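If you read the protein sequences in the order shown, they are chains A and B.
Per our numbering: the first sequence = residues 538 to 1111.
Per our numbering: the second sequence = residues 538 to 1111.
Quick caveat, the hints were computed from the structure, so don't treat them as lab data.
Check before you lean on any hint, since a few could be wrong.
Note: identical chains are not told apart, hence a pair may lie in one copy or across any two.
Computed cross-link-like contacts, EDC-like style, restricted to lysine to aspartate or glutamate with a CA-CA straight-line distance of at most 16 Å [as the list claims (entries may be wrong)]: (1) Lys686 / Glu941; (2) Lys894 / Glu722; (3) Lys994 / Glu607; (4) Lys686 / Glu635; (5) Lys994 / Asp891; (6) Lys894 / Asp795; (7) Lys708 / Asp638.
Since the model is a prediction, treat every value here as computed from it, not as a measurement.
Protein chains: 2
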Amino acid sequence: MVAATPTPRTAPDAVPTRPARESAAPANGELPADAVTDVIVVGGGGGGLPTALFSRWLGNEVVLLEKAPELGGTARKAAFWYWVPNNVPMRALGLADEEPDFLRYVARLARPTAYDPTSPTLGLSQWEYDMCRAIYESASPAAELLAEKGALEYRHCPDVPDYWSEIPEDKAPTGRVLVPAGARESMSDGGAVGVASMSAAARRDGVDIRTGHRVQRLVVRGGAVVGVEATTADGHTRRIAARKAVVFATGGFTHDVDLRRNFLHAPVYGGCAAATNEGDFLAIASPVGAQLRNMNYAWMCPVPLERAVARDPGLIGMFSVAGDSMVFVDKTGRRVVNEKLQYNELAQTFFSYDGDKGEYPHLVLVQIWDQRSQDHSASDEYGRLIVPPGNDDSHVIRGETLEELAEAIAARLEGYRGVTGGLTLDPDFVSTLRRTIQRFNGSAERGVDEDFHRGEKPIQFVFNGPVKEEPGRSNPTMWPISGRGPYYAALVTGGTLDTKGGPRTNTDAQVLDDTGTPIPGLYGVGNCVASASAQAYWAGGATLGPIIAFAHRAAQAADREPSRELRELAPAGS
Amino acid sequence: MVAATPTPRTAPDAVPTRPARESAAPANGELPADAVTDVIVVGGGGGGLPTALFSRWLGNEVVLLEKAPELGGTARKAAFWYWVPNNVPMRALGLADEEPDFLRYVARLARPTAYDPTSPTLGLSQWEYDMCRAIYESASPAAELLAEKGALEYRHCPDVPDYWSEIPEDKAPTGRVLVPAGARESMSDGGAVGVASMSAAARRDGVDIRTGHRVQRLVVRGGAVVGVEATTADGHTRRIAARKAVVFATGGFTHDVDLRRNFLHAPVYGGCAAATNEGDFLAIASPVGAQLRNMNYAWMCPVPLERAVARDPGLIGMFSVAGDSMVFVDKTGRRVVNEKLQYNELAQTFFSYDGDKGEYPHLVLVQIWDQRSQDHSASDEYGRLIVPPGNDDSHVIRGETLEELAEAIAARLEGYRGVTGGLTLDPDFVSTLRRTIQRFNGSAERGVDEDFHRGEKPIQFVFNGPVKEEPGRSNPTMWPISGRGPYYAALVTGGTLDTKGGPRTNTDAQVLDDTGTPIPGLYGVGNCVASASAQAYWAGGATLGPIIAFAHRAAQAADREPSRELRELAPAGS
């Protein structure tokens, strides 16, 4: 039985979401405006919601503008772990997390080639160092405030390790992760829970929420940002003026193919950010002098090729690669990576470059598993590709024998030649795959992966997914692949949760110009601005923890801004 | 004998050249200006000189502003090959180079994961496709005009192959390379020759050349670029107004560590661009709406670690890795790459990432050679590290035995721990190196490198450098490494000739805003703007050939601009 090959679905990747993008050239003046408020927050996801809440709790009038029809952004799809150094429950448990240790850990991973424990900034730039200190200082107070106000109550995860808990620089290897209190035991629905509770608090506390508003450009006067113009779903332009500040929290550029190709360090295939994350802030902020930074790196994860190419809005990154009797092989049939690596590092594998052939030989890897893993490791959480009956399994390729499986894989790949540089299986794929399985099975029997060290680090068990219990097994990430079919496969490549580059901000989240001076009135938080994490994915929640910290700092700094008296633009100019 | 370890020299990498950089916020108005001209060209290197000449020959008054005390930029250090598809000498020789074939070749290499021969744009973006067509159309007429006018006479290199001459998409594998006519046989001094002849022509034909002028910002009026402000070496600000256009040709951002780290796809160590190439145009162009593209890729080359770290202005990229009895090994003592790969591809090797250990294991490789290569392959050209007596050999590490050599390498590396993420040799380095040499020597005897395919492609012989002749040898890139010392070594990492990202321009070299509309009066040429080559280094001279093509197109388009009547800024603003 060769599985039928579905017609490949490809989406024109750069088609913008509605309302459509218009010119980002700034508009002049302040009034007349359709609304006037103290603080405008642009974006209603994991950065915008806490920014709006913190601002409101400081007594500000807040208008929150969201491009999508509903709140939540990428966070709504996430597990919403948030990484909070030196958090209150850690301290209660006596888990030490001193700032100098924290800084060494983050610096070692952010810039591994520049890391220097003897340097005053540990090899980071002064800006990166200062931003990391701000994370340490503000993540916990911000998390506590959200919890106290009932907007985001949390559950502490004392046993969840950092993604690099084994390196000597990690002096607090577990305990920094919080999750929304109401999330299920597996924590996979944390985003839905957290977005729901923050949205409810925003409505309760009087944040003026306007969905379906795409901010197109800034309104400026005398060099200061004094508002925005947004397009509504029905095609109207609305001008909103701000007495104090405009804070962007609009996410990255995962869904703009042109930006991805021209900035990211690797030719990724989209990802699981909210479909509205098209990098709007890049064009909007540049004309007032913003300077882009950290544009090369992203929060990376493996993704199933077909869904990434189709721009499936329901795509979830493969945060967990399930199965023990399971391997990834390349087009030759060889294993090339530890399949249980944390997702950000696993995703780098696809983009190794062969300078002799001028190609990316691992651009698409094939996940292969047997009936055992299908029966015992199927799951509909964390983007796993081994799914239980009743779930969308259009990405699954089947064969009763390895020969049949290979034939079906080859047929599936054929439909994607146009987006993989013509990738095909090598003629010897099946025989090489047999040898690969034989070698893997020997490693699985011994519980030791001499080739790629699968199951040697704590984090790899966290993301191992459900497996059939086997008494006395030392390494639950591996089990021999059966000599009998049926066999299953799926095509895997590299994508992003979201990007993490954009305008550079200071530790108060103010957007900076080329001299390092804040652009009056303009703030940015989250994946729409430059992250000081550089290439690192420090831990689960290393996205949202720092974002909440800077949301708090942005709200405090915006609150301190003098309240501007708004006025008409004089006819003759400034 | 263990060689003395010199004190490592590191330079504060982001210290700008003089005059110092100031705020890039645009100035308003047009007059009063210190000078008024038709066309301002900013930058006097391989892009600016031909732009100024083409503009002048069209009858325009031209002011050329150069930041450095002398003309030439990066081109002065280069061999100045220029890659010109379908050039006149090719046609004279009957070498066919049809546009559709050319486009398939460039598309296949620019975007290998997106290349699709059935796509109307071959998998390129429409912009990339159009720009590549412009190169094909204009490179030859531009080269011919420079030659006819005596500004840059050329010699055709009918036998020099493209860097990927062996791929099926290359239908004109040799013949596209021209070099300045007066260059020596080895062509290594082509840049000095070409810059001298173009500079002489510029002076002869009345280009107003002003060196020591650092352009700080644009002068704008009513949304149009009408001039620039520059700082002189003695600290004065000069405003120059342009009746027609301002053309930037200021090079890339090789020498700004902050920009490198925040945009490039790999953590490179500087490179051999002119020391003035600090990315000035990025901050200058953004405030008028320019959109950056191709910021992730660069023209790459290996570089000697010490000189790159010291920011040695005399650094030449390793365009040719000399020696036959020579290997590169990593910190474990293993070969990891074909040492004779073309430089751009060889330079990628240093940046392969190990997601299990969180490090770049090949960040620094060690070139090792014996007395034979020292005696017969020494050269002071093309950045080779095996240098003849009398040359600066401070990068050379010596040992009478492999043990002594390893000790000296380890000592040298120790001084660079702070800039290599703490890189050290593995304890088993010497024994692994012995096995590596043994295996390499077997390959050299057979003339076949089963591991890395050294000497299997035409381009690898072009860059092989001088070697001792051996009768009957099939593969002149390899010879067994001697069992007896002395031995020599040098530390090698990856750098850039220059970067190739910046504002996006159209096929007339006009800088475009976020809607794809030209920003009136603003043009860009060369490495300061976005290259449509994406990740590709198509051939020797694939930098300068396209640059000359766009210099020609920029000059023509600027000439067609209506001549503005310049005026004072009205006090009330426009």
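Evaluation of the provided hints:
1. Lys686 / Glu941: For Lys686 and Glu941, neither the intra-copy (58 Å) nor the inter-copy (67 Å) Cα distance is at most 16 Å.
2. Lys894 / Glu722: neither (47 Å within a copy, 30 Å between copies)
3. Lys994 / Glu607: This pair counts as neither: shortest intra-copy Cα distance 39 Å, inter-copy 57 Å.
4. Lys686 / Glu635: Classified as neither; 27 Å inside a copy, 69 Å across copies.
5. Lys994 / Asp891: between (29 Å within a copy, 15 Å between copies)
6. Lys894 / Asp795: neither (25 Å within a copy, 32 Å between copies)
7. Lys708 / Asp638: Intra 6 Å, inter 58 Å, cutoff 16 Å: intra-copy only.
Checked against the numbered hints above, the structure breaks hints 1, 2, 3, 4, 6 and satisfies the rest.
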